[in-house]
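Colleague: Letter by letter, the chains look like this.
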Amino acid sequence: MPPEADPNQLLLQAKEGDPGAREELIHRFTPFILAVTSRATGRFIHLGEDDEASIGLMAFNEAIDSFRPGRGSSFLTLAETIIRRRLVDYFRREGRHRRVLSLQVLEQETAAAVDPLGGEEINLVHEMADRRREIERYREELAGFGITLADLVKGSPQHQDARDRALAAARVVAANPLLSQYLRERKALPLKALEKSVAISRKTLERHRKYIIAAAVMLIGDYEYLASYIGQNKRGGQDA
Amino acid sequence: MLNAERGLVLERKGNRVIVLTPAGEWRSLYLPDQSPAIGEEIMLPPVKRKPFWPAVAGAAAIILLLILALPLARRAVRPLPPGEPVYYVTVDINPSVELAVDNQERVASARGLNSDGEKLLASLALKEEKIATAIKLLTREAVRQGYYLPDREGAMVVAVIPASGAEEKQLAAGNDLGQKLTREARDILQQARVPAVVEAAVVQPEIRQHAEASGLSAGKYSLLLEALDAGLPVTAADLQKEGLTRVLGRLDGNWEQLLQKLQQDSDLLQKEKQLGATLKKALGQQPAADNNRLGDNSNKGQGPTGNAGNKEKSPGNQDRPGPGQGPADPGQGRRPAAARNNPAARGGGKASPIRVLLEKGYTYQEIIKRYYNQERPSGHLRLGPLNIAGE
Numbered sequence: 025m026p027p028e029a030d031p032n033q034l035l036l037q038a039k040e041g042d043p044g045a046r047e048e049l050i051h052r053f054t055p056f057i058l059a060v061t062s063r064a065t066g067r068f069i070h071l072g073e074d075d076e077a078s079i080g081l082m083a084f085n086e087a088i089d090s091f092r093p094g095r096g097s098s099f100l101t102l103a104e105t106i107i108r109r110r111l112v113d114y115f116r117r118e119g120r121h122r123r124v125l126s127l128q129v130l131e132q133e134t135a136a137a138v139d140p141l142g143g144e145e146i147n148l149v150h151e152m153a154d155r156r157r158e159i160e161r162y163r164e165e166l167a168g169f170g171i172t173l174a175d176l177v178k179g180s181p182q183h184q185d186a187r188d189r190a191l192a193a194a195r196v197v198a199a200n201p202l203l204s205q206y207l208r209e210r211k212a213l214p215l216k217a218l219e220k221s222v223a224i225s226r227k228t229l230e231r232h233r234k235y236i237i238a239a240a241v242m243l244i245g246d247y248e249y250l251a252s253y254i255g256q257n258k259r260g261g262q263d264a
Numbered sequence: 003m004l005n006a007e008r009g010l011v012l013e014r015k016g017n018r019v020i021v022l023t024p025a026g027e028w029r030s031l032y033l034p035d036q037s038p039a040i041g042e043e044i045m046l047p048p049v050k051r052k053p054f055w056p057a058v059a060g061a062a063a064i065i066l067l068l069i070l071a072l073p074l075a076r077r078a079v080r081p082l083p084p085g086e087p088v089y090y091v092t093v094d095i096n097p098s099v100e101l102a103v104d105n106q107e108r109v110a111s112a113r114g115l116n117s118d119g120e121k122l123l124a125s126l127a128l129k130e131e132k133i134a135t136a137i138k139l140l141t142r143e144a145v146r147q148g149y150y151l152p153d154r155e156g157a158m159v160v161a162v163i164p165a166s167g168a169e170e171k172q173l174a175a176g177n178d179l180g181q182k183l184t185r186e187a188r189d190i191l192q193q194a195r196v197p198a199v200v201e202a203a204v205v206q207p208e209i210r211q212h213a214e215a216s217g218l219s220a221g222k223y224s225l226l227l228e229a230l231d232a233g234l235p236v237t238a239a240d241l242q243k244e245g246l247t248r249v250l251g252r253l254d255g256n257w258e259q260l261l262q263k264l265q266q267d268s269d270l271l272q273k274e275k276q277l278g279a280t281l282k283k284a285l286g287q288q289p290a291a292d293n294n295r296l297g298d299n300s301n302k303g304q305g306p307t308g309n310a311g312n313k314e315k316s317p318g319n320q321d322r323p324g325p326g327q328g329p330a331d332p333g334q335g336r337r338p339a340a341a342r343n344n345p346a347a348r349g350g351g352k353a354s355p356i357r358v359l360l361e362k363g364y365t366y367q368e369i370i371k372r373y374y375n376q377e378r379p380s381g382h383l384r385l386g387p388l389n390i391a392g393e
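Going down the list, the sequences are from chains A and B. Okay, so the first sequence: first residue is 25 according to the numbering used here, each after it adds one. Okay, so the second sequence: first residue is 3 according to the numbering used here, each after it adds one.
No lab work stands behind these hints: they were computed from the structure. Just so you know, these numbers come straight off a predicted model, no measurement behind them. Please note that a few of the clues may not be correct.
Claimed, not checked - To list a few chain B residues with every Cβ distance to chain A over 10 Å, as calculated:
1) L10
2) L12
3) I44
4) T184
5) R185
6) D269
To be verified - Some chain A residues judged to face chain B by a derived CB distance under 7 Å, without partners named:
7) R46
8) I50
9) R52
10) S180
11) Y253
To be verified - Stretch by stretch, here's where chain A covers chain B in the computed footprint (C-beta under 8 Å, at least three residues):
12) 15 to 24
13) 27 to 33
Every residue gets a Cβ at the ideal spot worked out from N, C-alpha and C, and that includes glycine.
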């Protein structure tokens with residue numbers, strides 16, 4: 025399987041019974057599976073240690089077969105739905121779902137906790153709605169900085185290294201109350217202070233200004249999902 | 003390769019979405035056939051950012067260069083061994099021309115069979131054109147030069163002659179080609195509001211040789227056979243000097259039928275045999291046996307001398323109604339022997355991919371688009387609002 029193969033293509037091939045494509049697809053989306061599993065269970069899931077991880081992998085495999093292109097739903101959304109459903113089945117069987125369900129999930133359920141067991145799909149709907157609201161809030165806040173998402177597409181550091189450095193700078197700003205306050209009030213990066221605390225030249229900082237601001241805003245603000253989304257790719261197959 | 007294979011949709015405008023990848027990258031994507039909701043995760047095609055633009059630019063540049071160089075290359079390639087003519091197509095209006103067509107239905111060479119034909123060709127560059135296009139251009143030019151006039155009757159005979167062999171298959175293919183060409187010509191004439199009769203005929207290679215020997219185009223020669231068969235007193239000399247409609251019109255009002263008969267007739271050689279003496283008389287010369295063997299000999303026989311008897315009828319190519327050139331050269335004009343057996347060379351050999359596409363009728367723009375699309379990531383799967391049932 026060429027490393028640059030389009031996952032959408034892999035999916036179609038896997039559906040047509042190509043075991044190599046299926047293998048590759050599952051391999052590549054292991055971080056996704058682990059992220060979804062962790063979110064659903066509310067704890068960090070290790071591949072090879074936790075049963076939930078295998079449940080997630082199997083559910084993902086199932087999703088490949090269930091997916092019907094053109095039926096309106098994104099494959100990953102379907103996969104997430106199936107992973108969650110299988111996890112609930114699993115919890116139910118194990119009789120320990122209460123223990124492992126995340127607080128967040130419990131909170132959501134308390135509103136209409138008629139059937140906490142069958143509510144996983146509804147949870148996902150809620151969560152999607154939450155995500156959408158979160159994204160909307162985020163875009164509005166960025167607009168306050170005069171930044172549009174299109175700006176970020178243009179101003180995104182091209183290389184992963186450069187992105188990681190920029191993200192590190194954003195973390196510095198987010199972690200330091202003084203710097204975050206500066207950012208919030210002046211709507212600008214505290215370049216001078218930042219220059220000292222990170223090993224990035226001022227020129228580079230300025231070039232990636234919008235990207236760093238956007239990342240810092242994401243980290244400072246109450247953007248739980250977005251903030252956790254970045255960095256999910258770090259969770260590779262071995263998952264130390 | 004675990005990076006950036008999925009992304010969270012944060013913004014959607016029409017088919018363009020902006021996604022954030024887990025690697026912290028912002029990307030803008032064009033999704034022609036899906037509409038993921040904001041907050042959904044989608045699978046992303048691999049980034050080819052670095053190779054992508056240079057590759058496209060490079061490909062585009064190469065394609066452009068190829069396109070620009072194509073006419074040059076053609077010119078350069080022309081002296082090389084040609085694509086052998088597969089068909090000869092003669093077109094008789096009053097000007098008579100013969101086009102050699104290669105196996106890709108392109109004009110390998112064109113020559114005028116009479117002075118008007120040469121004049122007509124002089125204002126056209128038909129070489130390398132698709133034969134169908136060539137016919138269109140020819141017809142248009144004939145209209146432009148006044149060989150056809152709006153609301154006046156006219157005729158065109160398109161004769162298709164397989165270059166070698168006359169098996170069923172070749173004749174059938176030739177017939178198809180002929181039909182295609184008549185359609186093209188009819189279209190043009192219709193646009194010009196000329197109520198002309200256009201008919202095609204497929205004739206055997208031998209007929210072409212005989213026609214050449216008697217100084218006629220294959221089309222006119224075939225028509226001569228038909229006319230003689232119908233008992234009309236036509237001579238080769240008449241047909242050499244004048245256009246079809248004029249000769250036929252003078253003889254019999256019903257010449258359209260004659261043309262149609264010609265089209266249906268598949269074995270003119272047979273007819274030739276049957277006519278025997280009548281034909282020889284019509285050709286006004288020595289035994290036909292001489293003619294079909296030696297093209298050079300035939301030049302003697304077909305000169306104006308052989309036709310003295312008919313001379314008084316019309317001094318030139320007067321079929322042409324428009325104002326025009328002075329008295330045209332009677333006879334069918336020069337036919338350098340060299341040109342005949344040497345259908346000018348042309349770009350044979352292997353066809354480039356672009357060439358192949360062009361043969362298939364793609365336009366350059368379509369070809370560029372095609373190349374460009376190959377470089378582009380393929381579309382995503384269709385995404386949509388969250389499906390609660392999951393199926």
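Colleague: Are the hints correct? Go through all of them and say.
Modeller: Hints versus structure:
Residue-level check failed: B/L10 sits 6 Å from the nearest beta carbon of chain A, not beyond 10 Å. With a closest Cβ-Cβ approach of about 5 Å to chain A, B/L12 is found to fall inside the 10 Å limit, against its non-interface label. At the 10 Å boundary, the C-beta of B/I44 falls inside the reach of chain A, the nearest C-beta of that chain being 5 Å off. Non-interface call for B/T184 relative to chain A: holds, since the shortest CB-CB distance, roughly 46 Å, exceeds 10 Å.
Interface exclusion of B/R185 from chain A stands, the closest Cβ pair being 41 Å apart, more than 10 Å. No Cβ of chain A approaches the Cβ of B/D269 within 10 Å, the least distance being about 55 Å, so the stated non-interface status holds. Interface hint status for A/R46: violated, as the beta-carbon distance to the closest one in chain B is roughly 14 Å, over 7 Å. Given hint, A/I50 at the interface with chain B, is violated; its Cβ is 12 Å from that chain's nearest Cβ, farther than 7 Å.
Hint status for A/R52: holds, given a least beta-carbon distance of 5 Å to chain B, under 7 Å. Residue-level restraint check for A/S180 holds (minimum Cβ-Cβ distance to chain B is 5 Å; threshold 7 Å). Satisfaction of the interface hint for A/Y253 is found here, the shortest Cβ-Cβ separation to chain B being roughly 6 Å, below the 7 Å cut-off. Figure legend: the stretch 15 to 24 of chain B, annotated as covered by chain A; annotation consistent (4 residues with Cβ-Cβ distances under 8 Å, at least 3 required).
Under the rule that three or more residues need a Cβ within less than 8 Å of chain A, the assignment of the stretch 27 to 33 of chain B holds, with 4 such residues.
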